[in-house]
Amino acid sequence: MHDSGEVHIPIGPQHPSLKEPESFLITLRGEKITAVNIKIGYNHRGIEKACEERTYIQDMYLIERICGICSHSHSTCFVQAVEEIAGLQVPPRALYIRTLVAELERVHSHLLWLGVAGHEVGFDTLLMYAWRDREVVMNLLASLTGNRVNYAINTIGGVRRDVSANTLEEAASAADILEERTKYYIGIVTTETTLINRLSGVGKLSPQDALRLGAVGPTARASGIARDVRADDPYAAYAELKFKVVTDNSCDVYGRTVVRLKELLESISLIRQVIKNLPDGPIAVKAPRRIPAGEAVSRYEAPRGEDLHYVRANATDKPDRVKFRPPTLANVQAVAHMLQDRYLADLPIVVAAIDPCFSCTDRLLSLDRGGQIEKTVLTWEQLRQSSIEHYQREGIDFSALNKKLADKM
Amino acid sequence: MSAEENIKQALENTFDYLKGAVIIKRERRMALEVPAGNFAEILKFAVLELNFSFLSAITGLDNGDGFEVIYHLNKDGGVILNLKIRIPRSGAHIETVTPLFASADAYERELMDLLGIEVKGLAEGRRYPLPDEWPLGDYPLRKDWKGNLSANNEVKNA
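Chains as they are written, first to last, in our numbering: chain A, 59 to 467; chain B, 1285 to 1442.
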């Protein structure tokens, strides 16, 4: 193996630079990657088979948990297919609420990605900032749906919770904060030379290759492919709302960053439109337990790109077949191509730049005080206060700096 | 005439045997079941002449008597064409579509692993999505597979 000057390096399935199990067998000549062999499937949990053995309502809970980041994407995609087979007319208010949660989910997902991308290129301040601001949208999702992740807002025939006027006000002020922060990040990404130089020309994917390899979402749009299910095949309330399909012609990781940031602004504008135009009326229609025989294909623009669900019903309360094609499966096939002839050091950011799915966890913290069984749940403020006190005991005090920052804001 | 009707007419004019087979289910949703023997020429026509340039997914399913394979093709404008073929259960096989869609690789490997449909012409590669030590002959998405691994210890990629 060394005679030919080539070295083989296995990366994964468990590796510090990967956020979820996947394996890359890399062939290197010097620092350059000459071949990549990708093995995925470590997260295969047999959900398609499990769905066949459960009722439609039970499947809703299962499908919500395909992914911790785009749970709403999968559940909406699935209910749309079932509603089409059953011929249900979903009330407009429900469609708008679905759209609201969908765009909030996109905002949280893109901000999460921005942080991860910053981390992968050694810009950890960006990670801290982006994830701090992401809390704004996570809190809003919690007040809207009751959950930070796995929102469970959908049901067959509509949504499970209505939104109050108060929550809409909360959403409107959150949109203002998020817009300001997004503009700040766009400023950084378009002017910070270290970031521009690190990301430009990395993970190249030409428009032809993006089409040939079937890339979707921001990965394809950053290669100039104006493909967005929300515009091409409108669902929920998108046909009545105005937004731009953001594209970029850089065809690299830099382009993918710019596309996601500009999409944040579009999402914020969509959120405002939903708040302004939310129709009155019921939020769900009654759905039958047994879904009549039939089949339907449903598409959804998830934060990572086109999600496709196929459902076949057989007039029972359980589906005959459910098929999912999440966006990462479409995008991962372009990764091997992007890595070809690139440096090994680019691998983490190139893989991260398609934004592969990984789970995010709840923020509740449980403290076990001195071996006592009793546990305490800390609020965000208490957690923050306890960490400030911890560092003060260590002799590190940021209070003067914090005050300065607070005065500036 | 709508985009969907144009597509229907183009298909029916080119292939006589498709008269009445092209179904417009609703706006942007079309379905077409074709004989397995004619699949290749119809797919080629749909891709090259009708600009169905994107393969969103391939769904395989077990209907008890045999397998159905549905190719979800889409094009700019949002129209999806669900192109379906039926294949018999014994010696189930299809031809790869990777010469037209490089992206089909993972979708076809899924058919092999989960339903046991042989895909002829697919390049050598690592299996997807089941683990390497999964036994030969256990195909989870077949309706007669109930979750018990067979005693078969023979491994596909040993």
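One or more of the hints may lead you astray.
No farther apart than 25 Å at their CA atoms in a straight line, the calculated lysine to any residue pairs in the SDA-like style are these [as the list claims (entries may be wrong)]:
hint, chain 1, residue 1, chain 2, residue 2
1, A, Lys-107, B, Gly-1350
2, A, Lys-97, B, Gly-1400
3, A, Lys-107, B, Leu-1302
4, A, Lys-300, B, Lys-1404
5, B, Lys-1430, A, Leu-120
6, A, Lys-107, B, Arg-1426
7, B, Lys-1292, A, Ala-289
8, A, Lys-107, B, Lys-1292
9, B, Lys-1427, A, Lys-77
10, A, Lys-97, B, Lys-1328
11, A, Lys-376, B, Thr-1382
12, B, Lys-1404, A, Val-94
13, A, Lys-107, B, Phe-1299
14, A, Lys-241, A, Thr-252
15, B, Lys-1309, A, Pro-292
16, B, Lys-1309, A, Leu-120
17, A, Lys-77, B, Thr-1380
18, A, Lys-97, B, Ala-1386
19, A, Lys-376, B, Trp-1429
Source of the hints: derived by calculation from the structure; they are not laboratory data.
For each hint, the structure was consulted:
| no. | hint | result |
| --- | --- | --- |
| 1 | A:Lys-107 x B:Gly-1350 | holds, 18 Å |
| 2 | A:Lys-97 x B:Gly-1400 | holds, 19 Å |
| 3 | A:Lys-107 x B:Leu-1302 | violated, 33 Å |
| 4 | A:Lys-300 x B:Lys-1404 | violated, 46 Å |
| 5 | B:Lys-1430 x A:Leu-120 | holds, 19 Å |
| 6 | A:Lys-107 x B:Arg-1426 | holds, 9 Å |
| 7 | B:Lys-1292 x A:Ala-289 | holds, 23 Å |
| 8 | A:Lys-107 x B:Lys-1292 | violated, 34 Å |
| 9 | B:Lys-1427 x A:Lys-77 | violated, 34 Å |
| 10 | A:Lys-97 x B:Lys-1328 | violated, 30 Å |
| 11 | A:Lys-376 x B:Thr-1382 | violated, 33 Å |
| 12 | B:Lys-1404 x A:Val-94 | holds, 23 Å |
| 13 | A:Lys-107 x B:Phe-1299 | violated, 37 Å |
| 14 | A:Lys-241 x A:Thr-252 | holds, 19 Å |
| 15 | B:Lys-1309 x A:Pro-292 | holds, 16 Å |
| 16 | B:Lys-1309 x A:Leu-120 | violated, 28 Å |
| 17 | A:Lys-77 x B:Thr-1380 | violated, 32 Å |
| 18 | A:Lys-97 x B:Ala-1386 | holds, 16 Å |
| 19 | A:Lys-376 x B:Trp-1429 | holds, 17 Å |
Hints 3, 4, 8, 9, 10, 11, 13, 16 and 17 from the earlier list are contradicted by this structure; the remaining hints agree with it.
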